[in-house]
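Undergrad: Join the two chains, each given in its own frame, into one complex according to the hints.
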Amino acid sequence: MHDRLSFYYYRDSLLHRLNPLTKIALVFGLILVSFVSPYYWTSHLLVLVVIIPLIFVGRIGREYLNAALRIILPATAFLFVMQALFQPLEGEELFRLWFLHPTLESTLFAFRNAARVFAIASSFTIFLLTTHPRELMTDLTRRGMPPQIAYVIISTLQILPQMQAKAQTILAAQHSRGMDTQSTFLKRVGSLVPLVGPLVFGSLVEVEERAIAIEARGFTSSHVKTSLYDIPDTALDRALRWIFMGLAILSMALRIWLS
Amino acid sequence: MAIVNLQNVTYQYPLTDTPALQNINLQVNEGEFVAVIGPNGAGKSTLCYTLAGFVPHFFKGELTGVVEVVGVESHNSSLSEWVLNVGLAFQNPFNQISGAKYTVFEELAFGLENIGIPREEMKTRVEEAMELTGIGDLADRSPYSLSGGQQQRVALASILVMQPKVLVLDEPTSQMDPIGTREVFGVIRKMTERGMTVILAEHKVEWIAQFADRVVALYEGQILTAGKPREVLTSDLVIDKGFGVSRYTSVARKARKQGLWSGSKQLPVTLDEAIEGFGK
Numbered sequence: 003m004h005d006r007l008s009f010y011y012y013r014d015s016l017l018h019r020l021n022p023l024t025k026i027a028l029v030f031g032l033i034l035v036s037f038v039s040p041y042y043w044t045s046h047l048l049v050l051v052v053i054i055p056l057i058f059v060g061r062i063g064r065e066y067l068n069a070a071l072r073i074i075l076p077a078t079a080f081l082f083v084m085q086a087l088f089q090p091l092e093g094e095e096l097f098r099l100w101f102l103h104p105t106l107e108s109t110l111f112a113f114r115n116a117a118r119v120f121a122i123a124s125s126f127t128i129f130l131l132t133t134h135p136r137e138l139m140t141d142l143t144r145r146g147m148p149p150q151i152a153y154v155i156i157s158t159l160q161i162l163p164q165m166q167a168k169a170q171t172i173l174a175a176q177h178s179r180g181m182d183t184q185s186t187f188l189k190r191v192g193s194l195v196p197l198v199g200p201l202v203f204g205s206l207v208e209v210e211e212r213a214i215a216i217e218a219r220g221f222t223s224s225h226v227k228t229s230l231y232d233i234p235d236t237a238l239d240r241a242l243r244w245i246f247m248g249l250a251i252l253s254m255a256l257r258i259w260l261s
Numbered sequence: 359m360a361i362v363n364l365q366n367v368t369y370q371y372p373l374t375d376t377p378a379l380q381n382i383n384l385q386v387n388e389g390e391f392v393a394v395i396g397p398n399g400a401g402k403s404t405l406c407y408t409l410a411g412f413v414p415h416f417f418k419g420e421l422t423g424v425v426e427v428v429g430v431e432s433h434n435s436s437l438s439e440w441v442l443n444v445g446l447a448f449q450n451p452f453n454q455i456s457g458a459k460y461t462v463f464e465e466l467a468f469g470l471e472n473i474g475i476p477r478e479e480m481k482t483r484v485e486e487a488m489e490l491t492g493i494g495d496l497a498d499r500s501p502y503s504l505s506g507g508q509q510q511r512v513a514l515a516s517i518l519v520m521q522p523k524v525l526v527l528d529e530p531t532s533q534m535d536p537i538g539t540r541e542v543f544g545v546i547r548k549m550t551e552r553g554m555t556v557i558l559a560e561h562k563v564e565w566i567a568q569f570a571d572r573v574v575a576l577y578e579g580q581i582l583t584a585g586k587p588r589e590v591l592t593s594d595l596v597i598d599k600g601f602g603v604s605r606y607t608s609v610a611r612k613a614r615k616q617g618l619w620s621g622s623k624q625l626p627v628t629l630d631e632a633i634e635g636f637g638k
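Protein sequence lines, in the order shown, are assigned to chains A and B. Heads up: the first sequence runs through residues 3 to 261, numbered per this note's numbering. Heads up: the second sequence runs through residues 359 to 638, numbered per this note's numbering.
Next up, chain B with everything else stripped away, as it sits in the complex (with noise of 0.2 Å):
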């Protein structure tokens, strides 16, 4: 049964001649881990938006087609109970402070407060996210003296707390360092083993070949392809139009045509696959 659910999904922002989202079709289930491809400008974050509710409830602007998550539809819901069930946290870590707090241990409470969550657990469950997300030694520090680094942190940490039963992620590690990132994509696959399904829009696909479950490729608003992230990362389709290709990749392809690299082996993604690849 899809917790997520997309059917014929086409959104045009007002004051706009073309959709940012075309016919997209997309079953996410539960507990799975989706990644999301694709240059700038290709609808990523109008996905995210979409999948989180701001379309149609905050951006106006046309939206056909169905979007349902856990089986209510999105047309029929209102945002405030939208955000109960499905967590965005996006790009820039500085605009997702809320400013009402003055430290981190605060800035994580602020969801709970929201939604009356009772002071002993709020307390329970923001030791958890941040304990989770490695911020625990910020707690008492005004999260506006934070790196951008950790203001992400933070920023999930803030959605996480929340415990959705959909997170969307847009581009959350992008002022991260390679530890951060990797710590980042630990989490995600320790929620989604707790049943939390996740929807990552990302560049680093290195990252996303190793932990995801499924990679969907965007290209101009539409869903360019589908599928296993090797498959999807390899895949000439994806490669011609020249994202979501990773170093390793590249090597490969290169090496293919002078015969260093068979062709029948398939393409490598990731460091260890190109490794055992060229190792043979």
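For reference, chain A alone in the conformation it holds in the complex (with noise of 0.2 Å):
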């Protein structure tokens, strides 16, 4: 069972001590800079020589590798091959099986865009990875971000997991008083009532109790809030900022000048 629901990992780096909107700008260079760079090889590129130095910076090594095993290049490999195999390009065809008959162009196609959803997605994981999010809620919120939508996504991350854990005790208890949930299809999905009731009306009354425990504590209140911690926002910090917007802005210049 999940304490939390967060991926982020304790480490002190470079990257971890980064105000949360720097790294949000970086993500959001990277992607762009990867959508509108006119070159073919620059998420390739990215990937080598912005993705993978930042992993060591981090130092999220084996973490990073394990979700990108798992979910990152399953998912490209699987795009590859089905944008290689039915993007309808023609040219050079590269071999014929049955009907399937990959061309060149489709090929290098594919690799492109993979190179393309390799680099955002890992972006995105190595934000996840290295940024706590009661950082980015704090330093959003400061920034001017409504507290309301941190709360919304902060309690997210923590009830799930509780509910999660409540789904089970359920279970557990109707299965004490003979539920079948292990034979046939039909009754598996039978069994799901029993469940689902008392965890979203039990669910639904917690959220009266939730909603007056944080109004007693003046959830609402007009003053102006402050925080237990201090979020840094170095020089350094708004020097990259400027840098990967110029950068961004740049390949968008780039794009309509070269085409």
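Errors might be hidden in some of the hints.
[Unchecked claim] In silico DMTMM-like cross-links for lysine to aspartate or glutamate, where the CA-CA straight-line distance does not exceed 25 Å:
id	chain 1	residue 1	chain 2	residue 2
1	B	Lys615	B	Asp594
2	B	Lys548	B	Glu486
3	B	Lys523	B	Glu478
4	B	Lys418	A	Glu211
5	A	Lys227	B	Glu589
6	B	Lys418	B	Asp495
7	A	Lys227	A	Glu211
8	B	Lys599	B	Glu589
9	B	Lys548	B	Asp594
10	B	Lys481	A	Glu208
11	B	Lys481	A	Glu95
12	B	Lys523	A	Glu211
13	B	Lys562	A	Glu211
14	A	Lys227	B	Glu479
15	A	Lys168	B	Glu529
16	B	Lys418	B	Glu439
17	B	Lys586	B	Glu634
18	B	Lys418	A	Glu210
19	B	Lys418	A	Asp232
These aren't lab readings, by the way, just hints derived from the structure by calculation.
TA: Set out below in structure tokens:
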């Protein structure tokens, strides 16, 4: 059972110390550059000279590899194969197998897209692995995001594992009273009813009490909120954000100029 | 000068036929500790919600009469202003965890962040509240990983830290062991000595008898009787309704019928009184 729903791993690294907004700027900068750049090899290059070094800077090699092998690589590999086989691009046929006849063009197209998706998914993963949700939300709230949004996001991350645990308890209780959850498909579907009922209605009742609890602690107070934590925003952060923005604009300009 | 003033308060929840509170009159002085007893469904929680402003600002329905705290009338105030004066902790500790915080320390700071307390003062206040409620060693734990009793201490500390003038507690010790309960009553006494006013709905009459200044017995939404703990907790009115009777009172009553407890002696509420009474 998960204690929390978070991908964050604490390390003492420059990447962890960066302001969350700087890391968001980095992620969106990478996405933009990888999509609008007019050069074929841009995304591949980004993976080699940005993504992989960042993994080492953030000291999250093992955690990243875990996510890459289990999710990112299989997904991009699937995308590559599907696009190479079925993208209707005319050109030199590589081989013909039954009705499959991938062309060189479709394969190159698929390879570029796969690299894009790989770069984007990887930069998001690095962001999640090195940024605690608390820091992200504290920083964004300080910058003017409504605290209600931060509350909804963080409490969802925290309460989902609790609901999961509760579902297990209800299931065990129904089990002990002889409910059948292991035989035929139809019986299993039928046994969902006594699980979903208590879970959903129980949660609705809880919502009311939780609303009272946070209201009692001044959640809707009109005072300007303060924060227990100070999320540093250094000169380096600001400089990096300008650089990322500059690179994104540059790649857009290149795209327009060269097309 | 009463800090809490209820006059002819009647309240009915939406979609119900009978009022949950009927004609309640109650004045509480600054620094006083008032305990509210009553069977389930007597209106204890509704009274707590009314004092804390959730009736009528959160639960709709019809509230008549005067609800006044620190000289401000409930109808003329907003809930977010009201909670600065009146703090509320209630029974179910799990639902009082904000869910927005990852550690107990942050959880306690949540309310202070909301009302804009500066960081340094926030830390001092949180540490003080943790010390007071005996949860100093839990500071870095996730509030969700705690036991029910520990969560109740966190819930109490989360409200204490906001330093309300009036503290309303609705069965705050329901999941605590006897040691925890004793500590909570100790904290309440300490807070009243500092001038905080405390109103507590609770079943544990032996503790109430030892600590409370005054007891209010609620029954079917009305005040049955109110007064000094000893008088209320041994009054026939309360005993006949079958609630708010400590085991020492019951034993002494049985003993009195058999002539083992003299009729002129007052019935005991606590163990010490019972020992003293039977010893003579």
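Undergrad: Evaluate each hint against the coordinates.
TA: Checked hints:
1. Distance restraint check for Lys615 of chain B and Asp594 of chain B: the Cα-Cα separation of roughly 14 Å lies within the 25 Å cut-off, and the hinted pair is therefore satisfied.
2. Taken as a hint, the Lys548 of chain B and Glu486 of chain B pair is honoured in the structure, with Cα atoms around 13 Å apart against an allowance of 25 Å.
3. Distance hint between Lys523 of chain B and Glu478 of chain B is fulfilled; the C-alpha atoms sit about 22 Å from each other, no more than 25 Å.
4. For the hint linking Lys418 of chain B to Glu211 of chain A, the alpha-carbon distance of about 15 Å falls within 25 Å, and the restraint holds.
5. Between the alpha carbons of Lys227 of chain A and Glu589 of chain B the distance comes to roughly 47 Å, so the proposed pair goes past 25 Å and is violated.
6. A distance of roughly 41 Å separates the Cα atoms of Lys418 of chain B and Asp495 of chain B; the hinted pair therefore is violated under the 25 Å criterion.
7. Of the supplied pair hints, the one linking Lys227 of chain A and Glu211 of chain A holds, its CA atoms being roughly 23 Å apart against a limit of 25 Å.
8. At most 25 Å may separate the alpha-carbon atoms for a hinted pair to count; Lys599 of chain B and Glu589 of chain B meet this at roughly 15 Å.
9. The straight-line distance between the Cα atoms of Lys548 of chain B and Asp594 of chain B is roughly 32 Å, outside the 25 Å bound, and the hint therefore fails.
10. Of the pairs offered as hints, the one joining Lys481 of chain B and Glu208 of chain A is violated, with about 30 Å between alpha carbons and a cut-off of 25 Å exceeded.
11. A distance of roughly 70 Å separates the Cα atoms of Lys481 of chain B and Glu95 of chain A; the hinted pair therefore is violated under the 25 Å criterion.
12. A C-alpha spacing of about 23 Å is found between Lys523 of chain B and Glu211 of chain A, which places the hinted pair at or below 25 Å, so the restraint holds.
13. For the hint linking Lys562 of chain B to Glu211 of chain A, the alpha-carbon distance of about 23 Å falls within 25 Å, and the restraint holds.
14. Straight-line distance between C-alpha atoms of Lys227 of chain A and Glu479 of chain B comes to about 14 Å, which keeps the hinted pair within the 25 Å bound.
15. At roughly 24 Å between alpha-carbon atoms, Lys168 of chain A and Glu529 of chain B fall within 25 Å of each other, so this suggested pair holds.
16. For the proposed pair Lys418 of chain B and Glu439 of chain B, the alpha carbon gap of about 18 Å is at most 25 Å, so the pair holds.
17. Under the criterion of a C-alpha separation no larger than 25 Å, the hint pairing Lys586 of chain B with Glu634 of chain B is consistent with the structure, at around 20 Å.
18. Taking the CA atoms of Lys418 of chain B and Glu210 of chain A, the gap is about 13 Å. The hint holds against a cut of 25 Å.
19. Between Lys418 of chain B and Asp232 of chain A, the direct Cα distance comes to roughly 39 Å. Violation of the 25 Å bound is thereby established for this hinted pair.
Figure legend: structure checked against the earlier numbered hints; hints not met, in rising order: 5, 6, 9, 10, 11, 19.
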